[in-house]
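Protein chains: 2
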Amino acid sequence: MRELVVGAAQLGPIQKADSRADVAARMIALLEKAAARGCGLVVFPELSLTTFFPRWLFEERAEVDAWFEREMPSAATRPLFDRARELGVAISFGYAELTPEGRRFNASILTDRTGAIVGKYRKVHLPGHSEFDPERAFQHLEKRYFEPGDLGFPVWRNMGALMGMMICNDRRWPEAYRVMGLQGVELILLGYNTPSVNSQNSAEGLEKRLYHSELSVCAGAYQNAAWVVAVAKAGDEDGHPLMGGSVIVDPDGFVVARAQTEEDELLVHACDMDATRFGKTTIFDFARHRRPEHYGRICAQTGAEIPEE
Amino acid sequence: MRELVVGAAQLGPIQKADSRADVAARMIALLEKAAARGCGLVVFPELSLTTFFPRWLFEERAEVDAWFEREMPSAATRPLFDRARELGVAISFGYAELTPEGRRFNASILTDRTGAIVGKYRKVHLPGHSEFDPERAFQHLEKRYFEPGDLGFPVWRNMGALMGMMICNDRRWPEAYRVMGLQGVELILLGYNTPSVNSQNSAEGLEKRLYHSELSVCAGAYQNAAWVVAVAKAGDEDGHPLMGGSVIVDPDGFVVARAQTEEDELLVHACDMDATRFGKTTIFDFARHRRPEHYGRICAQTGAEIPEE
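From first to last, the protein sequence lines are chains W and G. Residue numbering for the first sequence is 54 to 362, as defined by the numbering used here. Residue numbering for the second sequence is 54 to 362, as defined by the numbering used here.
Everything labelled a hint here was simulated from the structure, so no lab data went into it. Please note: incorrect hints may appear among the correct ones.
Which copy is meant is left open, so a pair is good if it fits within one copy or across any two.
DSS-like mimics (lysine-lysine), calculated; alpha carbons at most 27 Å apart, straight line [said to hold, decoys possible]: (1) K261 x K196; (2) K196 x K333; (3) K261 x K333; (4) K86 x K69; (5) K261 x K86; (6) K86 x K333; (7) K86 x K196; (8) K69 x K173; (9) K173 x K261; (10) K69 x K333; (11) K196 x K69.
Excised from the complex, chain W in its bound form:
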């Protein structure tokens, strides 16, 4: 038994006018609640510090850069890091990263129990588009504001467990889980900001969208025998609804905790890292059962290549 008590700290909406300091205070409140419930690790969502700004078109670079962090910890998040260190609780959260070289990523970090950053991830699977699209009900300009992550899907040893990170749309791509699974990942930390409405198909509906999210997360957990902590930023941001549905999923693909609100809400579960062993040594013992000689297309081509008529 290698038990790690994990908190999934769902955030309710963040409005354009809210300051980073306001948000950090909310995150600290969730962190303290989690510490009181025995959590060793607390996971916050994608773009934890601001509204989901890729729904807006900004023409000026300065307008864009206002949503980005030039350093981490930043002035506004230092109190969060300090409190986490005092409580001895590791944290993970997402933010928009502007590097000294002027590169922009949709990023997340992972700390140890001392508040030291031990892992950084940059979102690989950017959804949406790069130019204003008048046919959409609203914009999803992630491909405009970010470049695809350049760090792959690393796995880190932290607190006696093998941990990886993914962000939002990554969770729909089985490749993301598998690359981590091939490094023995036991716990995947996943933050998301997902519109409640499909901008290209308004008939789809919230229920279907929640199902797609949970389906992808549960399959990724089961097929790699790993815990997944999937944490939403939820609720009405600037008049645009984001879905909730934060879940903690066990290595057998079952939901063990699920958010009930679209507000700041904490889910807690004691995750036994040894519960990953059965799957990893039987049906998903990759060394015995995988057949990479037939997987070539996955790495050799990007888009579909349709057989000729």
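Fit chain G to the supplied structure of chain W, relying on the hints for placement.
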């Protein structure tokens, strides 16, 4: 709208003593029922012609070979092919294949509406083990009796649709769906024979096992925007229960038809191949969104490589 009415022809149990001719007669009865309901294609399960013999240890080659087909159509299945041609219905089913060179595969075939074989698949992901395992509640000797498929995961044009096949345990491997997805697959035909009990964990239970099967199938369908027709051989074979749970799943990952019995049972659904378009051109437009530069481990390594302490 490119509608293809598909029949999922679940088979109830086949006992050791049942002849191929007995089974072919049951398959013909299902085929005729499907034709009467307008099906253009009928899908039967893995190892359609015999009991799931890998649960038994056979020491003698002749005992093993008795379960294999040396040609297809065979004498026993020719009436099935003939009836399918008369009805103008395409069929797909699984069987144990013994090649002229003495190689053994867990195979399946696909015909067109004239009964001509247009596709063959050989199971890539063989579960189980190759030597008698006294610690298991029962044996699962697929790795003993078969070699892994050597044909990859091809996709064929048939009846105006792009079709692929997988067999049983393949459905738990996202790589299998993706390799077909990267060839534009619209309809995946999947037969299975899955014990109702986990031979290494009797506490797992049927409900959990049905969930794992459906989870994998629905995720594979959604993440590749393809129809999946998943067809069981079900019920008590030789005192060993096989689960049912045959389903037809739409390209959005939703079950549209589900078997109610563990007997011979036909599911019918009118599948619109154009329903695959939305997913393939938006969220799962691979050309726009995939990032193979970060997927290298999937093809470069078989087993997990754990980061050093």
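Hints versus structure:
{"no.": "1", "hint": "K261 x K196", "result": "within (24 Å within a copy, 39 Å between copies)"}
{"no.": "2", "hint": "K196 x K333", "result": "between (35 Å within a copy, 18 Å between copies)"}
{"no.": "3", "hint": "K261 x K333", "result": "between (31 Å within a copy, 17 Å between copies)"}
{"no.": "4", "hint": "K86 x K69", "result": "within (26 Å within a copy, 61 Å between copies)"}
{"no.": "5", "hint": "K261 x K86", "result": "neither (32 Å within a copy, 33 Å between copies)"}
{"no.": "6", "hint": "K86 x K333", "result": "neither (33 Å within a copy, 43 Å between copies)"}
{"no.": "7", "hint": "K86 x K196", "result": "neither (36 Å within a copy, 51 Å between copies)"}
{"no.": "8", "hint": "K69 x K173", "result": "within (26 Å within a copy, 57 Å between copies)"}
{"no.": "9", "hint": "K173 x K261", "result": "neither (32 Å within a copy, 35 Å between copies)"}
{"no.": "10", "hint": "K69 x K333", "result": "neither (44 Å within a copy, 33 Å between copies)"}
{"no.": "11", "hint": "K196 x K69", "result": "within (20 Å within a copy, 59 Å between copies)"}
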